[in-house]
Amino acid sequence: MITLALRAGSSPRRVLPGFGLSLGVSLLFVSLVLLLPMTGLFGQLADLSLAQYWAIITDGRVVASYTVTMGAAAVAAIVNAAFGLLLAWVLVRYEFPGRRLLDALMDLPFALPTAVAGITLATLYSSNGWMGRLLEPLGLQVAYTWVGIALAMAFTSIPFVVRTVQPVLEDLPVEVDEAALTLGASDGTAFRRVILPHLWPALVTGTGLAFVRSLGEFGAIIFIAGNMPYETEITALMIFVKLQEYDYAGASAIASVVLFVSLALLLAINLWQGRFIKRLHGGMG
Amino acid sequence: MSRLEGTQRIGDAPRVRRLLVIAAVALSALFLLLPLVAIFAQAFAQGAGVFWTNVTNSYTRSAIGLTLFITVLTIPVNLVFGVMLAWLVTRFRFPGRRILQTLIDIPFAVSPVVAGLVYLLLYGRNGWIGGWLDTHDIQLMFAWPGILMVTIFVTCPFVARELIPLMQAQGSRDEEAAVTLGASGWTLFRRVTLPNIRWALLYGVILTNARAVGEFGAVSVVSGAIRGQTNTLPLHLEQLYQDYNTVGAFASAALLALIALLTLAAKAGLEWRAARQEAST
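Going line by line, the protein sequences match chains A and B. Using UniProt numbering, you'd call the opening residue of the first sequence number 1 and step up by one each time. Using UniProt numbering, you'd call the opening residue of the second sequence number 1 and step up by one each time.
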């Protein structure tokens with residue numbers, strides 16, 4: 001099937017019109033909008049010696065920002081894996097009043113501008129906000145700590161998990177459940193042993209995408225983060241700070257690290273997912 | 001209750017079901033719904049009159065104007081690109097097809113701040129294109145063209161991503177038949193392809209709109225944020241918030257939240273339509 005398709009590609013006879021036009025427009029757009037701007041980054045990096053580059057990206061304050069960003073993103077991703085799985089399960093498996101509304105609400109973090117999410121979360125969780133007033137007497141300070149950063153990351157990335165797991169759960173045939181239950185397994189065991197193995201490729205993909213998104217998030221985080229050097233500064237903010245100091249080389253060096261990590265992770269997720277899809281559908285990528 | 005009766009599924013016991021539904025609804029209300037309510041509560045904290053004054057003051061009006069202007073220019077560009085790319089990768093097989101599909105995901109993986117930065121480096125005064133433009137007195141960065149360029153960058157995958165899976169699933173049999181019957185390219189697209197993809201196309205445009213209106217990170221790098229000139233609505237609300245004008249900031253936030261709610265409603269509507277169509281065929 002695949003080899004056939006490839007061969008058809010090299011055949012001169014194409015039935016449908018528009019190959020040249022759509023190829024031309026697509027290549028022009030991808031080159032101008034997506035690829036050409038990247039040359040600016042590499043041009044700027046070329047002006048740096050390797051020692052200078054290394055000094056910038058291993059500077060103490062910058063390294064602290066990697067730790068804060070990665071740590072908070074990891075916590076947000078793990079929380080979202082559990083919360084997202086629960087939401088996907090409830091939305092697919094149960095019928096209850098307000099289900100459609102809940103389903104629609106899941107896309108809110110994607111639709112809501114990040115700056116709006118940012119100021120809202122900062123206001124809610126500050127010491128006189130609705131949530132802050134409840135949590136602070138309990139000793140839980142959310143705003144201006146890494147907990148706030150993780151919260152903002154979790155908010156903006158929850159749809160990734162829900163929307164990746166949901167379709168897989170929908171396609172799971174009823175027989176899977178029946179088989180498990182007929183064998184006398186309890187709900188918990190049946191879920192762990194039978195359902196979870198079907199879901200976990202999607203769950204890992206969704207969680208991975210949520211993690212990548214969290215690494216790059218800016219608008220939702222900076223308002224609630226407090227932005228204390230070494231404590232609550234995220235890497236995206238470090239780039240922004242360097243730019244405001246007109247340190248373009250510094251900004252580019254840090255940006256290259258962020259860019260490399262997120263593209264590598266995205267590639268890894270794609271390859272990993274591709275392997276699973278192949279295994280599940282017998283080679284039909 | 002015996003498990004062997006009917007088609008009992010995992011987690012169907014009423015106690016489990018109730019517990020999970022309550023947990024999901026309560027957590028969503030706290031985590032997603034409460035922020036949404038808070039936006040409007042803050043915006044109207046000093047009454048509808050103050051809200052109206054905040055929304056209609058000249059800086060807010062100019063921010064709304066710029067945001068709409070950028071969005072209105074972004075949508076047709078990404079519409080044409082999205083349709084062309086989707087047509088290309090779903091109707092033809094050629095070497096590099098997969099790479100092209102991966103490339104359009106770049107904006108999803110790149111941090112918005114990094115996206116803004118790469119444009120600034122290239123088209124800013126120190127960049128190799130920006131330097132040349134500068135000698136010809138053309139300024140793209142810290143002006144609306146820069147905002148438009150990064151907005152196109154961050155929103156360009158949306159239309160294509162909505163169309164590609166649909167057009168792949170639909171196949172090209174109808175279109176091939178139309179060509180055999182002698183339809184020209186444009187007629188083919190307008191009469192055969194477009195009716196099949198119009199709802200996905202519309203949803204792609206709605207997503208593009210939502211993101212274009214709300215983009216913050218990339219725009220804040222290239223805009224310069226000059227009040228009344230290069231401030232988009234998200235940048236405007238940031239400035240108000242930093243100036244401790246919380247109610248003013250949330251007035252702008254409420255406008256953006258309203259657009260987000262309309263986006264969600266449109267999605268729910270389109271999904272309902274699709275489900276009904278599927279049920280009737």
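Think of the hints as simulated: they come from the structure by calculation, not from any bench. Just so you know, these numbers come straight off a predicted model, no measurement behind them. There may be inaccurate statements among the hints.
[What the hints assert, rightly or not] Negatives, chain B to chain A, calculated, CB over 12 angstroms:
#1 R9
#2 N57
#3 A143
#4 L166
[What the hints assert, rightly or not] Selected chain A positions facing chain B (in silico; Cβ < 7 angstroms):
#5 V15
#6 A46
#7 S49
#8 L112
#9 P113
#10 P137
#11 I239
#12 V241
Here a beta-carbon is modelled for each residue, glycine too, at the ideal position from N, C-alpha and C.
Here's how the hints hold up against the structure:
no. : hint : result
1   : R9   : 4 angstroms, violated
2   : N57  : 18 angstroms, holds
3   : A143 : 17 angstroms, holds
4   : L166 : 14 angstroms, holds
5   : V15  : 5 angstroms, holds
6   : A46  : 11 angstroms, violated
7   : S49  : 18 angstroms, violated
8   : L112 : 4 angstroms, holds
9   : P113 : 3 angstroms, holds
10  : P137 : 18 angstroms, violated
11  : I239 : 5 angstroms, holds
12  : V241 : 10 angstroms, violated
The earlier numbered hints that this structure contradicts are 1, 6, 7, 10, 12.
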